[in-house]
Every structure is written in C-alpha cells, then in structure tokens.
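Student: Protein sequence lines correspond, in order, to chains A and B.
If you use our numbering, the first sequence corresponds to residues 892 to 1085, in order.
If you use our numbering, the second sequence corresponds to residues 2 to 369, in order.
Read the hints as simulated data drawn from the structure, not as lab findings.
Note that the structure is a prediction, hence the values are computed from the model and not measured.
There could be a bad hint or two in this list.
[As the list claims (entries may be wrong)] Rough simulated footprint, nothing fancy, chain A against chain B, three-plus residues with beta-carbon under 8 Å: (1) 57-66; (2) 116-124.
[Unchecked claim] Here are the simulated BS3-like cross-link-like pairs (lysine-lysine), alpha carbons at most 30 Å apart as the crow flies: (3) A:Lys997 - B:Lys308; (4) A:Lys1017 - B:Lys111; (5) A:Lys1077 - A:Lys1026; (6) B:Lys67 - A:Lys1077; (7) A:Lys963 - B:Lys111; (8) B:Lys131 - B:Lys308; (9) B:Lys71 - A:Lys1077; (10) B:Lys308 - B:Lys111.
A virtual CB, placed ideally from N, CA and C, is assigned to each residue, including glycine.
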Amino acid sequence: MMRVKLIALVVWVCLAGPAWAADPLEYTRATLEQARAIVGSDQTHNDKLAALSSLFRNFLDTDAMGRAALGKHWSSFTLQQQKEFLVLFRQLFQRTYVQELLLFEKPNFVYVGQTRLDGEATVDTKIVTPRDDFKVVYQLRPDGERWLVTGITVEDVSLTANLGSQLDHLLSRESVEDVLNLMQRKYGSNGGGA
Amino acid sequence: MKIFAIMLKDLRLISRDRFALASLLIVPMVVILVVASATQSGDGSEGILFPIVNEDQGPVAAALIKVFRKHLDVREVTRATAKHLVADENDAPAALILPPELSKRYLTQKPSTIELLTDPAQWRELEAIKVIMLLADRETASLGDPFSQELLAVREQSITGNRPSFSSLEQNIPGFSLMFVLLTLIFSVSLDLREEEVWGTSGRLAIAPVSAAALLGGKLLARLIIGIVQLLVLLLFGHLVYGLTLGHSPLALSLVVTAIVFSMTCFAAIVAGFVRTREQAIPVGLSVVFVLAALGGLFWPLYDLPKWMQTAANGAVTTWSMFAIQDVILRDEGLAAVSPKLLILFSYGLVSFVIGLRLFRYGDGVGS
C-alpha cells in the first residue's frame, strides 16, 4: 500500500511539475509548493526523501554546483573521477538539501522577490517558523523553457561553498580515491546515506 | 525408629507455627514478584525525566526533542525549572539547554555547543541519557550533516557537586552497606525479643518497674549504637579500600548516618512486632529486607522500577536513606541542604517507634 502511494506521489510530482514557466519566481514557487505538499504528507521519511529527490532532480543543477564545490581540485580529478564525483555529488547535494528541508515539519515558504541580471535570476525566499525566519536564496539560470538552480544560500551561507570547504578539507588530508570512496560509502547506490 | 519419632515430633512442633510455614512459601514468592517486577517490567529509559530548555524553538531543536521523546520522559521547561528539577529535587539526572540560534547555525553547518546540566549521583540514569544523546546526534546528523562533522558539541556541567562522574562502586557500596545494616537490625531486634523469652529474662524484665516504652527504647538504643558504628565502619572501609568519597562535611555525614540507623532501628521494631517465633524471623526478616532494598534503590536505580513501584518507594525507609546518603557523599551537600531528608528520616523513625510500641509484646503481656 505504501509502495502504491509512493509511486502515485512520484507520478504526480512528475506530471504536476512546472512544465513551462518564464518567471523564475513562479517556477521556484511551483517547485517549493510541491515540496511542501510532500513534506507535509503522511508518507514515511524514506518515501518523502524519494519523492523530494525525484522533484529536485529537474530543479537543481548539481553538475554546476559540484564543479564549483571542487574549485581548484577539479583539474586534479581524472575524467573518470570527475564523472563519478558528479554522480555522487548529485546524491550528496540532493540529500543534504532535502534532509534540511525535512527538518521543517511543515515548512511555510514565503516568496520575497526576484532579481534578474544577465539572463540569470535570484529568487529570495524565507522559511517561516513560529519563532524565526530562515532566509533561503536561489540562484537560477535558464535551461530551455525551465530554470535550473545553480546555487542555494541559507542565511547568507552558500551550501555549495560550504560543501566545497568540507571537500577541500578532506582533499587536503586524503587522496581523491579515498574521498570518492567515502562519498561512495555514504551516497553510492549501496551506501546508507539517507 | 527413634529417629522417625523425633522427626515426627519436630514436624508437629513446626506445623503448629502456621505463620512460619506460610512464610516459607509466601515470603519468597513476594520477593520473587518484587524482584521480577523491578528487573523485567520497568519502564526503562522512558521513565527517566529529561527536562529540556528549548531556547532555539527551531527545526533542529524540534528534531532533537522528537528523538528524545521516543526514549525519555521529556519535559520542556524554563532554565530555572530545569535546574530545580536536577539540583534541588533530584528528580532528573540531567537537563539539556538548546541555545538560541541552534537551528540557524546547524543549517549553515556551523558548530554549536549545547549544555548538559547533570546530577552525577544519578550516574546510571545519566549514562542512559548519554547513550540516547549519541543516538539523537546521529539521527539529526543524518538530517543535514553530509560529512558527519561535529556540529553539536556537548558541554557537561555538574550542578550538584564538584565531581563530573562516579563509578558504580560509589553507588553500590552505600547501597549494600545500608542493606546489611537493615538486615542486621531487623534480625537482631526480632531475634533478641524472642530469645529473651526462651532464656526467661523477658519474664523478669516484664515485672520490673519499667515502662514498655523504656524497655523497647533501651533495647533499640543498643541496636542504634551498634548500627551507627556498623554503617560508619562500612563506609570507612569503602573509603579506604575503594576510594569512596565521604563528602566534605563530617557533621552532615554523622547526622545522616544517625538518622538512617535511627529510622531503620525503629522500623525493625515494627517487623519484630509481627514476628512471634524465631522460625518466623528468618523468612519475614529476609523478605522485608529484600523488598525494601529493591524498592529503595539499594540494588538498582529507581528508574528501573515500574511507575507504581516508584510511587510505592516513596514510603520505604531505604529510599530516603539512599537519598540522604547520596546527597552527602555523592552530591557533597552540607547539613543545611540535607536537613529536609534528615527531618523525614527522624520523623519516619518516631512514627515507626510509636507503631512498634503498639505492636510490642513482651514477657507475659507487658506492653500492649
């Protein structure tokens, strides 16, 4: 029964996804409102994770963020390692973002506004809780008829930069292979991760 | 044939004491029931009160509290109430302070320090809490800490004494010492009264111009002195051999020991009032001691007991004895702080003495 519900939710997420949205604010709103519906549903934690990951697959440009997070280390990875890293980084970033979102039991998103510059856009949002507001800013770039998020800033701290500094710290002590193995263990197809 | 005749004679004598016969079976069953309830039917860690001061009110604090609620009796309180529950009431082994901005710092991957205010005297409960805190940290870490950094550091602070932790010996030595003092008192008071009847001295004392209160009081006073010396020597043994701390106030320790032995001696008079023969003394005495030791936290911490037993424990002399001795030797409290428990123990003793006097039967009808 749970599996049927999960499949239904994933199908709904895919069908109801913002097929076309010229406005980055509206595009972001449509995605986040679907996320809110998933988080607020009575699904299990793992089912919510799966549904949210499916939703954000077409919203987050994790390849761009992965390259940015590696920074100077990108060139020290072989082509094969770069490919492996981007696959694992997609899992890592999605799970990090999704898990953070799941910390809010019923997130109340407020859409503050948008700014556009050189074809790219910034959408300012807030997650409002009874006690506090959490400022979340999305940087987006157009991709055909949709928008892709190339960076997320929570309370003025960039998630990409944050992960980048952790990766930098890891790579200063361990080899690329070791770091990839660590990510594989945590976020690979056989890893625990969630 | 003579051997069987003697056996039959003894069996007839034993069968006349129906109370002793019943005690042989009923008493062990009662002890087994109590011990089984204490060891198997306890509420486990769910019975441990865990006050949390939620100064964050954000999603990370909510996630942590949600995990704690699965395993502990969580109560969201103010900082003052939390300290009161841990330091004054000793109802909770620790309180957690979740600081303001905890969620914001966590979500931006900045480490935070959370305070754990502890009462190390409740070391078993505290250990259970620490295990659950590790679990909560792991569960919360999986919710947004990709490389398992130490985003939550715990600063532990004892608010009931100078030492941050204790060994199991420091709980067990006072517990077992109290149990043996109670055992000695109950047996010596019960058996002494019955043996004087056998020796015939009770008859002579009964017709002496002395009141029942003075007679019983004098006998109990002798046991009181022996009990005080016994408990002091046992604690000293623990101090010299195992490094048991004895607190900083010899006066408080002396008064606590006196109050404990006083209440136990007078309580022994009640037990002696129910014992009619020497045969009854052993099963009745043993059952009372084991049940009170189990109820009063002399063998294991009170939180191991089911709720109804924890409530019943409030009426046990052993519970208040253990509380008082822990206050002095583990919490390093002085006379002023321990005085409410001293008052309870002395009152317990006085009430027990009055009841014991009512039940007192000596010689040929002296007393009641």
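Student: Hint by hint, note whether the structure agrees.
Tutor: The hints, checked one at a time:
1. With 7 residues bearing a CB less than 8 Å from a CB of chain A, the stretch 57-66 of chain B meets the requirement of three and the coverage assertion stands.
2. As drawn, the stretch 116-124 of chain B meets chain A at 0 residues by the rule of a beta-carbon pair under 8 Å; below three, the given contact is violated.
3. Between lysine 997 (chain A) and lysine 308 (chain B) the alpha-carbon distance is near 35 Å, which puts this suggested pair outside the 30 Å criterion.
4. For the given pair, lysine 1017 (chain A) sits about 20 Å from lysine 111 (chain B) by alpha-carbon distance, which is consistent with the 30 Å threshold.
5. Between the alpha carbons of lysine 1077 (chain A) and lysine 1026 (chain A) the distance comes to roughly 28 Å, so the proposed pair stays at or under 30 Å and holds.
6. Proximity of lysine 67 (chain B) to lysine 1077 (chain A) is assessed by CA-CA distance (about 24 Å); at most 30 Å being required, the pair is judged to hold.
7. For the given pair, lysine 963 (chain A) sits about 23 Å from lysine 111 (chain B) by alpha-carbon distance, which is consistent with the 30 Å threshold.
8. Our distance criterion of 30 Å between C-alpha atoms is met by lysine 131 (chain B) and lysine 308 (chain B), whose separation comes to about 22 Å.
9. Distance hint between lysine 71 (chain B) and lysine 1077 (chain A) is fulfilled; the C-alpha atoms sit about 26 Å from each other, no more than 30 Å.
10. A hinted pair counts as satisfied when its Cα atoms are at most 30 Å apart, and lysine 308 (chain B) with lysine 111 (chain B) does not qualify at roughly 41 Å.
Hints 2, 3, 10 from the list above are not met by this structure, while the remaining hints are.
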